[in-house]
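Engineer: Make a model of the complete structure from these sequences and hints.
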Amino acid sequence: MSAIDLPHYLIVSALLFCLGLLGVIVRRNVLIIYMSLELMLNAGNLALAAASRFNNNLNGQIMVFFIITVAAAEVAVGLALIVALYRRRQTTHVEDLATLKL
Amino acid sequence: MNENLPWIILFLPLLAAVLIGLFGQKEPRTSAALSVAAVVAAFFCSVVLWTGTLGDMVGDNADQAARHFVSFESAFTWLQVGRLYVPFAVTVDPLSMVMLLVVTGVGSLIHIYSVAYMRGDRGYVRFFGCMSFFTFSMLGVVLSNNFLQMFIFWELVGVSSYLLIGYWYERPSAADAAKKAFLTNRLGDFGFLAGIIMVWAAAGTLNFGLLENDFIINPTKVGTLGGLLIFCGAVGKSAQFPLHVWLPDAMEGPTPVSALIHAATMVAAGVYMICRVFFIFDPVAQTVIAAVGGFTALLAALIAVQQNDIKRILAYSTLSQLGYMVMAAGLSDRAIDHMHQPAAIFHLATHACFKALLFLGAGSVIHALSQEQDIWKMGRLRDKMPVTALTFLLGTLALCGLPPLSGFYSKEAILAAAYTESPVLFGIGVVVAFFTTFYMFRLVLVVFGGRAKSNLPSHAHESPRLMTYPLAALAIASVIAGGLGIQHFVDRQFIMDPTHIWIPPWWLDLFVHNGWASALPQMQEELIEPFKAAPVPVLWGLGAILCGFLAAWGLYRNAASDPLPESLPAICRVLRNKFYFDELYAWLIAHTQDAMARFAGLFDDHFLAGGVRFVSGSTELLGRGLRLVQSGNLQTYAFLTAAGIALALYFMLRS
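These protein sequence lines map, in sequence, to chains A and B. The first sequence begins at 119 in our numbering and counts up by one. The second sequence begins at 7 in our numbering and counts up by one.
Any given hint might turn out to be false.
As the list claims (entries may be wrong) - Residues of chain B clear of chain A, computed beta-carbon distances all greater than 12 Å:
#1 L20
#2 W84
#3 K185
#4 T230
#5 L234
#6 P289
#7 H465
#8 P527
#9 N564
#10 S661
Said to hold, decoys possible - Okay, the calculated beta carbon distance ranges per label pair:
#11 B/Q636 / A/E192: 23 to 29 Å
#12 B/Q636 / A/F184: 31 to 37 Å
#13 B/G617 / A/K219: 37 to 43 Å
#14 B/A649 / A/L197: 25 to 31 Å
#15 A/N173 / B/A649: 29 to 35 Å
#16 A/L124 / B/Q636: 38 to 44 Å
#17 B/A649 / A/L124: 25 to 31 Å
#18 A/R206 / B/G617: 47 to 53 Å
#19 B/A615 / A/E192: 52 to 58 Å
#20 A/L197 / B/Q636: 24 to 30 Å
#21 B/V621 / A/I200: 43 to 49 Å
Treat the hints as calculated values from the structure; they're not laboratory data. Virtual Cβ for every residue (Gly too), placed ideally from N, Cα, C.
Structural biologist: Structure below.
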C-alpha cells in the first residue's frame, strides 16, 4: 500500500472546494452560503498546507495563517452585515435580497 | 544691395497695424501718424531698393542672357511636409519692384489723404489699423516667391478688403457689400486653390522660379484646365466677368478705401498674378483670358454710361480698365516669343495713379457736398473747387488716353498688342475707348461744368491741403508715368528667347553712367514710340477719344438731367440695372440652393436616417438582451462566475 501523497491531498482539497461552490450556488439561506464560502477558503488552505509540507518550505503555511486571519475578520464583517440585513428585511433568503436598495 | 530691405518693407505696415491695434484705441492722431509713417517709410525703402538694383541692370555684371537681370530671394523654411517644401520668402525682380513702388507710392498718398478725409469719424483708429494691415497683405502678395505664400496673403488681402468695405458696419448696405465681396472672392479662390494643387501635383514644386524652368521645357504640364483654375483666382480678385458683381458694391466703403483697394492695388493683384505665372497658361487658356478681359472691359464700359453715382461710375470704369489689363495679359503669342504682359503691367501702374486720383477727387467732391454721391445733384463745382476740378480733369484725360498723358501710352500699348493678335479684341478695345471717354466726360461735365443742379454745390468749398496735395502729386504722376518706360523695365522678365536684345528704359543711362546727354534722346524716342511703332491703333484710339468727347459734349454740356433715357428707354433701363446680373445671380443661387437642399433632404431622409436608425435600434436590442442577465440574484452571478472560470480553465489546461 502506497503512502498518502500530494495528489491525494489536492484531490480532497478540490472535492472540498467543489462542495463549497455547490453550496454557494444551490443553497438559499445566506448563512449556509456563508458557511460554504468558508469551506471553499479552507479547501484552499488544505492545498497550500499540503504543498508546503511536500515541498519542504514554509511559504504555504505562512499563506494559510494570513488566510485564516483575513477569514476571521471577514466572518466578523459578514455576520454583522447578515444581522443588519435580517433586522431590516426579516429574512435571510437570497431570493428576497435581489435589489441593491434596501 | 541690402538683403533685409524687402523684409523691412513687408513688415513695417504690419508693425504699424499691430501697434495701432494694441495701443491705438485712445490715440487717434498717433495711430494715423504711425500708419502713414509706416507706408511712407516703406515707399522710401522701396525707392532705395530700386536704385540699388539699377547697378546690376547694366555695367560689367549685367548678364544680358539672364532673363531676370536681377532677382534675389531671401527665404526661410516655413513648412516642410514630405515632398512639399514651402519657404516664407521675399523675391525682388523687375515685376515685383514695379508693384512695390506702385503699392507703397500710391498707398502713401492715399494714407495721407485719409488723415484729413476720415477726420472725426468714430472708427478713425480702426480705419488706419485696417489700412496698414491691408498694405502688409498686399506687399506680401507682391513679394511672394511661391504659390502657397501668395495664396495666404491673397486671402489676407481679401480679409482686409472685407473689413474695409464693411467699415461702416452699422449700415446694412455696407455689411452686405462686404459679405458679397468676400463670398464672390471665395468662389474665385476656390478655383485658384484647386489650380495650385494641380500645379503642385504636376510639377512637385510651388516656387515660381522652379515652375518657370519646368514649364519652359514642358509648357502644357497642367493643360488648359490647370491654367483656367489659376485664372479663376484672378477673375475673383480682379473682378472679371462673371465674378465682377462685387466691385461696384464695394463702393460702400470709405472713398480712400475705394481708391487704394478697389482701384489701385488689390484688384490689380489678379493681373499681377497672371503676369507672375504667365508661363502656366497654354494657348487655349490664354485665349480665354484675353476674351474674358475684353468682354469685361466692354460690359463694364456700357454699364458705366448709365450710372448716376459718382463712385459707381468710377467703379465700372475700374472694371473696364481691369478688363483691358487682363486682355493684354492673355494676349501672348508664345510661338513667336511675343509677350504682351509688359503692356498689362504698364497699364496697371499708370491706371493705379490716375484711378486713385479720380477716386480721391470724387472723395473730395463727396466730402464737400456732405456725402452726396448723385452726380445729378452736383454741377458747376469747378468754381468752388478749382484744385479738385483741375486734377480730376487731368485724371480723366489720362484715363481716356490723351497724349502725352500716361494713359495714352499704356492704352496704346494694349491696343497695339490687340491689333497684332486679334482683330476682334482690337475692335472691342476701340469701342471701350470710345465709351470710356463718353462716360468720363459725362461725369466731368455734369459734376464740374454746366449749372448747379441742386443747392448743395453753393455750399461747397475746396478740401483742406492734406487732401489737395495728394491729389496734385497723383496728378503729376498721372501725367508723367507714361514716359517712364515701365513696360521696358519689366519687359525682360517675359522674354523666353535668350538672344532677344533688351531695350532698357531711358533713365537707366541717367542713373548709371552716361547722364542727360544720351538719356534725353532716348526719352524723346520713348515719347513718340507709339506713333512710330503702331500708327494705326493710335489713330483708331485717338478717333475713339474724339468721338466720345464730342458725344458727351453734345449731350451733357448743359444738361440738367440725363437725356439718354428718353431717347433710348429700353437700352438705358438695361444698362442702369447692370444687365440684371445681380437679379440673375440671386435667381440662380436661390434655385440651385433649393434643388440642392431638396436633394440633401431626400438623401438625409432615406439614406442617412436609415443608418442612424439601424445603429440605435441594434444598440437598444442588445441592451434589452443583456438586461435579462442582471437579475440581482446572487446565485445566478455566482454560477455564471464559476462557469466562466471553469470554461477558462478548460481551455487553458486542455492541451
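Engineer: Hints first: check each against the structure and report whether it holds.
Structural biologist: Hints versus structure:
| no. | hint | result |
| --- | --- | --- |
| 1 | L20 | holds (66 Å) |
| 2 | W84 | holds (61 Å) |
| 3 | K185 | holds (59 Å) |
| 4 | T230 | holds (74 Å) |
| 5 | L234 | holds (71 Å) |
| 6 | P289 | holds (83 Å) |
| 7 | H465 | holds (88 Å) |
| 8 | P527 | holds (107 Å) |
| 9 | N564 | holds (100 Å) |
| 10 | S661 | holds (20 Å) |
| 11 | B/Q636 / A/E192: 23 to 29 Å | holds (26 Å) |
| 12 | B/Q636 / A/F184: 31 to 37 Å | holds (34 Å) |
| 13 | B/G617 / A/K219: 37 to 43 Å | holds (39 Å) |
| 14 | B/A649 / A/L197: 25 to 31 Å | holds (28 Å) |
| 15 | A/N173 / B/A649: 29 to 35 Å | holds (32 Å) |
| 16 | A/L124 / B/Q636: 38 to 44 Å | holds (42 Å) |
| 17 | B/A649 / A/L124: 25 to 31 Å | holds (28 Å) |
| 18 | A/R206 / B/G617: 47 to 53 Å | holds (50 Å) |
| 19 | B/A615 / A/E192: 52 to 58 Å | holds (55 Å) |
| 20 | A/L197 / B/Q636: 24 to 30 Å | holds (28 Å) |
| 21 | B/V621 / A/I200: 43 to 49 Å | holds (46 Å) |
Checked against the numbered hints given earlier, the structure satisfies every one of them.
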